[in-house]
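There are 2 protein chains.
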Amino acid sequence: MFEELVSKLKEHRTVGVYSHIRPDGDCIGAQVAACRWLEKNGIRAFAFNDDQIPLNLQWLTDFYTIEEPREETLKQCDAFLLLDGNSPTRFGSYAEYMEDDPKPSYMVDHHPDPQDGFDMTISVEEASSTCELIFHLFLQNDIKQLDSKSAKALYTGILTDTGSLQYDSVTPETMNIASELLRIGEFRPNVVAEKVFSNKRLNQLHLLSRAMSTIKLHEDNQIATMYVTSEMLEETDTTNDDCEGFVAYPLSVAGIKAAILFKDLGEGVKMSLRSKSNEVDVNKWAREIGGGGHKKASGAWHPGPLEETIKEVVGIGSKQLAEIDKS
Amino acid sequence: MFEELVSKLKEHRTVGVYSHIRPDGDCIGAQVAACRWLEKNGIRAFAFNDDQIPLNLQWLTDFYTIEEPREETLKQCDAFLLLDGNSPTRFGSYAEYMEDDPKPSYMVDHHPDPQDGFDMTISVEEASSTCELIFHLFLQNDIKQLDSKSAKALYTGILTDTGSLQYDSVTPETMNIASELLRIGEFRPNVVAEKVFSNKRLNQLHLLSRAMSTIKLHEDNQIATMYVTSEMLEETDTTNDDCEGFVAYPLSVAGIKAAILFKDLGEGVKMSLRSKSNEVDVNKWAREIGGGGHKKASGAWHPGPLEETIKEVVGIGSKQLAEIDKS
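If you read the sequences in order, they're chains A and B.
In terms of our numbering, the first sequence has 77 at position 77, counting the first letter as 1, and numbering is strictly consecutive.
In terms of our numbering, the second sequence has 100 at position 100, counting the first letter as 1, and numbering is strictly consecutive.
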C-alpha cells in the first residue's frame, strides 16, 4: 500500500501535511518525519496544525516548522497528507477548507473506524502508531533518506502512543522498528524519553500529589476513582492540561477492573474512564451519560456536583459489574 | 565468554543459582531463566535468595521456585551461579557459606567495579541488564531452549532495569533482544508490564502522594529532592519496599540535572541518587559519603538527621555543578 502512496505523492510539487487537532507525540512525530521525507524527494512540504504544539513536543518543531494553516500557504498545496486521524474533522479547519477547494487527499492512520472523505486511505488498526506506518514510507522508498532527526521524530510517536512500548499494540515488529530507529538515528532512548516525559513542572507534580491523595476504591475494590478540582489547580498554579495522564494512577491499583478520573473544573464534571479488564466496556459505560470512546478508554460529562457525579457514575459501573458476575 | 560459561556449567550436576539480596526484577528474571536453562540441559538447579520476593515479582516464582538457602540444599550444590551482583557480599549469607565450604563460583553481572571472590566473572557494564546477558547464555547454547516462561522472565529484567526501555543503557541490540523475547515467548509487553507496574497497593499510591508533596528544587533548579519518613510509612501503612521507583518523580522535573530520594526510616538516612545529565556523575557524588553505584544511578547512607543530610548531600552536588560550570 505504501508503494501506491509513494508514487501518488511524487506526482505533486507541494504537499500540505496535517497532524490532528490537540496534537500528541504520534501525529507530530509522523508529520515532522513525513515532511522531511517529502523534502528529501524534492517535494515541497508545509506542516499544518490549527492548535498549539504541547511544550514537551516543541523540540520536534526544530526538525520541521509546524505552522497554522493560512489561505496563502494552503493555496500553494496541490495535495494533502493527513496523519493520525480517522476523519477529515480530526484536522480542524482543514475539513471546511477542503469543501471549498478540494485537492487530492491521502490519509495514514491507525485508529479504528476510518471515515470517508479522503482520496486514499491507509488505515492499519493493528499498527502501534502512525509513526510505525511512516517508517514504512521510508522503507518503501529509500531507507537511506531516514536521518537522525526523522528517526527521533518517529521514535517519539512510537514511544508516546504505546505508553513507553508497554501496550498490547507493541509487536516484535514494533520493537524491531524501534531498534532500527535507534541504530539509524544513532541515539539512545533516554534522549527522546527525557524530552517527552521528564519535562514536568514542579507544580504539576504537586497537583498529582494532591490528586493521588483522593484515590478511592469502590464496589469491592473493582473500581478506582480519583478527582481534581478547580481549587487544586488554583492552589498549585496549574491548568487542566497538567492532568494529562493522571488516570494511569488509579488504573495502576492491583486487582481493579476500571478507573475514573473526575475533573470538577467549573461547568460540570468531565471524566476519563479506563478499563483494564476485557469484561468491562467503558465505552458502554460512558454512553449511559451521553459520552463515549473506546472499550478501554472513554470520556463523558456530568452536570455535577462532584460527589453526586462520582456516586452516579460508579453506580453505572457497578450495574455492569453485576451483569458480568451473573453471566 | 558465554562459551566458556556454558562448558563450565555443564561440568556440574547441581548448581545453586543466587539472585542478590533485596531482589529486583532483573536478578529474579535472570535467576528464573538461568535455572530453567540449567534444567533444560540436565543440570539440577536450586534458586536461592535470603530475602522476600517483592509482591509484583512473585508470579515469576511460578516459573521457578525460589527458596531460602538451607544447609541441606546448599550441600547438594557442586557449584554456584551468582547473578546481578558485583561482589559475594551482594548475595547475603552466601558470602559466609562460601568461606566455610568453597565451591566453583560463576558470576554474571552488569554493575561496575566487579570484586574478587568468584572463580569466573562475566561482567559487562554496557549491558542494559543481567537478563540481557542471560539471553546470550541461551543464544550461545541452543536458542530453542528459550520457552515462553523464560522469555517473560528475561523480558521482566530488561523492562525493570531500563525504566521501561527508556535508559541510555538500551542499545539497538537490547531492543532486538526485546523483540526476540516477544516473538519467541508469544506475548505482548502489557502482559509483563501490567504484572510488574500496574500492581500497586492503594496505600502505596497514598505514600507516593505524600512523598511527592515533599519535592523541592535546589541550586538554581538543577537538583530535585524528595523524602520519605517513617511517619509517612506508618500513616499510610506501607514499608520501605513501597518506595521502589519513587526517585523517578523528582527526576522527571524539567531542566534538573540530578535527583535524590532520601529515606529517613530509622538508623540514619538512606538515599538514591539519579543523574539525567552526562555532566553529573552520581557515583562520584555518592562516594564522597561512602556510597557508590553507577554514573547515572547510585546509593548512599548518612547518619542523619534528615534535614542536615539533605543540606550536606545537596552541598556535595552543588560543588560538582560548580566545577562543571568552571570547565
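Some hints here could point you the wrong way.
Which copy is meant is left open, so a pair is good if it fits within one copy or across any two.
Computed list of lysine to aspartate or glutamate pairs in EDC-like fashion (alpha-carbon distance at most 20 Å, straight line) [claimed, not checked]:
hint : residue 1 : residue 2
1    : K284      : E96
2    : K311      : D62
3    : K276      : E194
4    : K144      : D78
5    : K216      : D116
6    : K296      : E234
7    : K311      : E219
8    : K149      : D168
9    : K216      : D237
10   : K195      : E173
11   : K75       : D119
12   : K195      : D168
13   : K216      : E234
Hints in this document: simulated from the structure, not taken from any laboratory.
Cross-check of the supplied hints:
1. K284 to E96: Result: close neither inside a copy nor across copies, 29 Å intra and 60 Å inter.
2. K311 to D62: neither (45 Å within a copy, 39 Å between copies)
3. K276 to E194: Answer is between: at 8 Å across copies they meet the 20 Å cutoff, but 26 Å inside does not.
4. K144 to D78: neither (26 Å within a copy, 54 Å between copies)
5. K216 to D116: Neither: 40 Å inside a chain and 50 Å across chains, both beyond 20 Å.
6. K296 to E234: Neither: 31 Å inside a chain and 35 Å across chains, both beyond 20 Å.
7. K311 to E219: within (11 Å within a copy, 46 Å between copies)
8. K149 to D168: between (27 Å within a copy, 18 Å between copies)
9. K216 to D237: between (24 Å within a copy, 15 Å between copies)
10. K195 to E173: Classified as neither: same-chain Cα gap 25 Å, cross-chain 23 Å, threshold 20 Å.
11. K75 to D119: Within one copy only: 18 Å inside, 74 Å across.
12. K195 to D168: between (24 Å within a copy, 13 Å between copies)
13. K216 to E234: between (23 Å within a copy, 19 Å between copies)
Violated hints, in rising order: 1, 2, 4, 5, 6 and 10; the structure is consistent with all others.
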